[in-house]
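K.L.:
Sequence:
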Amino acid sequence: MTGSPVGRFEGRRRLRARGRVRPDWPDAGDRFRRLFDHSPDPAWIIAGNRFIDCNAAAVAMLGYGDKRGLLETHPGDLSPAFQPDGEDSRTKAERMIATARRNGQHRFEWVHTRADGSCFDAEVTLSSLSLDGREVIYCAWRDITTRKRDEERLQLARTVFDNSSEGIVVTDADALILSVNPAFTEITGYSADEAVGRKPSILRSDHHEPGFYADLWRTLLETGHWQGEVWNRRKDGSVYVQWQTITAVRDATGRVASYVSVFTDITNMRRNEDRIRHLAYHDALTGLPNRTLLMDRLEHGIAVARREAHRLAVLFLDLDRFKAVNDSLGHDAGDRLLREVAARIVASLRRTDTVARMGGDEFVVLLEPAGPADDIARTAEAVIAALDQPVDLGVESVRVTTSVGIAVFPETAEDAVSLLKQADTAMYAAKKGGRNTYRFFAAGMTEKTLATLRLERDLRAAIQRGEFELHYQPKICFEDRRPCGAEALVRWRRDGNDTLMYPADFIPLAEETGLVVALGDWVIEEACRQIAAWRAAGLGDIPLAVNVSARQLFSRDFAVRVIEATRRHGITPAMLQIEITESAVMADPDAASAILSELRALGATVAIDDFGTGYSSLAYLTRLPVDVIKIDRSFVIGLAEGVENAEIVASIVALGRALGKIVVAEGVENDEEVRLLTAAECPIGQGYLFARPMPAAELTPWLAGRKDCRTCADYDVRGCGGMRP
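Numbering (our numbering), first residue to last: 67 to 791.
Everything hinted at is true.
Below, simulated DSS-like cross-link-like pairs (lysine-lysine); rule was C-alpha separation at most 25 Å, straight line:
| id | residue 1 | residue 2 |
| --- | --- | --- |
| 1 | K158 | K214 |
| 2 | K497 | K389 |
| 3 | K301 | K265 |
| 4 | K158 | K133 |
| 5 | K389 | K498 |
The hints are simulated quantities; they were obtained by calculation from the structure and are not laboratory data.
My request is simple: use the sequences and hints to build the entire structure.
P.N.:
Here you go:
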């Protein structure tokens, strides 16, 4: 094929001269050529399924230099691989051409590709023609990219309008509703038919102050924009709050043509904000003010009392038996009890007084204003009497009492923090005074009492603060001076100070308050963790002994808690030795024997600590399920001072060997004591002669330097008292 198809019209002129072309089309080829070449719309000639000619507009639209690179191309070659409907471009192009041939003309939309790879939308018209007896397709393009973009924007706007979760209202310049979206109907209850043609005032709730809407319109007319909270009324009559934005839309002349209002129902958000605000200042369980709100009211009350020269009293209440109820009946019962206590306290006071829950079983009453001391005392007595009545918890009726401490402004303190501290101190004094009573704070309270009260307060928080730590004192085999375990001893780094507190300074108070159970559980947990850590460090299985108080021993599920701790850390129970004093066992021998038997059955070992200082009979000792007897240090220290102590030690060792118990001497401080203990056939000792108690960070390298350390595998705690060879 030579030349362009349009050029063949020259041949038609020649044929016309010979009479083969109709004479009523003079110069038709020239006119077609001019129209084709100079058409502002891109035009093509398609023969078969390929472009065989195109005009300059087509070349320009596609971004090519000339048409040579375009001829003999398939329409699919100038298109992306697929059209928007997903059909292959080549296949679809051939189908469109076939349709035009069949119908004479076909119009459709198409996506073409420019020389630079960019795409554009075109409206394509295919017309079937006959040139020189040959059927061809005349193809005209029109770039509709802008129109498509506008259509897409309109469709997007419609989609947003219809699917937005925000209500949308369009009004005319006179505020008559022209259109609403589905979200408007969902929020307000009014359908589009019910709203169109009416004004948005159908939603007005009369919740706002007079002048609100006048200010709204003034701002809207001046600035063309307004936003804020609006309280409206739904069709069903319920009131809700919405966040609304109104924008004026102007025409080409600058006049307001319409208003568009977009709003969101924020009723739930406001309700949640109010609840969060309430929870920030109130106790979730009782609904009473919390510490934050109490401090705010207390500081305000002090300012008023100072200005008006009247008194103010703070009563600090602590329930005396709440923990026992909580432990025995469960937390649900404890919560019901606290709610009832709160209600009774409130009922005992004036409406002007404040009751706050500080947390746990502690409450604070703010008497504002307060009368003379006798009136304050009568109020305290009324509260105590109200609480000293049975409370029906469903499963059981219980009684709790309360201890009350009182501090008065301005007599004892002039600021909120000091008043609370003084009332707290006085409350502890009331507990010391027998409970179920009250005490006024007085400067005469001794420093010792205050120190004890502060110690208890700090002790309660010390476990959560991580202030306790364990130090470890090795046990040594006298035969070869090799370590065969250690005893874990608790220390308290109070308030993060460098100075450590020893058990004698805080364990008695922990026993008295019941905190010793939680503390003892922490000691067992930490000891198990350390045993596992030493094993992971390659030091082998190093048994640890932990001291257990009578209160902890007799606490619920003690043996189970011990074994669960060993399992959590992946150690065998045999690596944990429970040390209990002789006097603790004799507090309830039968119960103690049952618990110790359970421990041994589960794999732990048991030691009697401070043996010889209690009141157990030798006959009873033979029936106790223990593995180790520890000789009290008071007998060891006196070994070199007289025959009596030496005979006692020898008797204890002989008894232990006869009963198949290991005997360990405590408080060994010199070589002479080792010699005498060895002579008495005592196999193991611990004391300052070998090593002082030290933290794990120091004991670990100490043990690492003794690779020949005895382990559990070497030490037969249930044997005759010796070491395995």
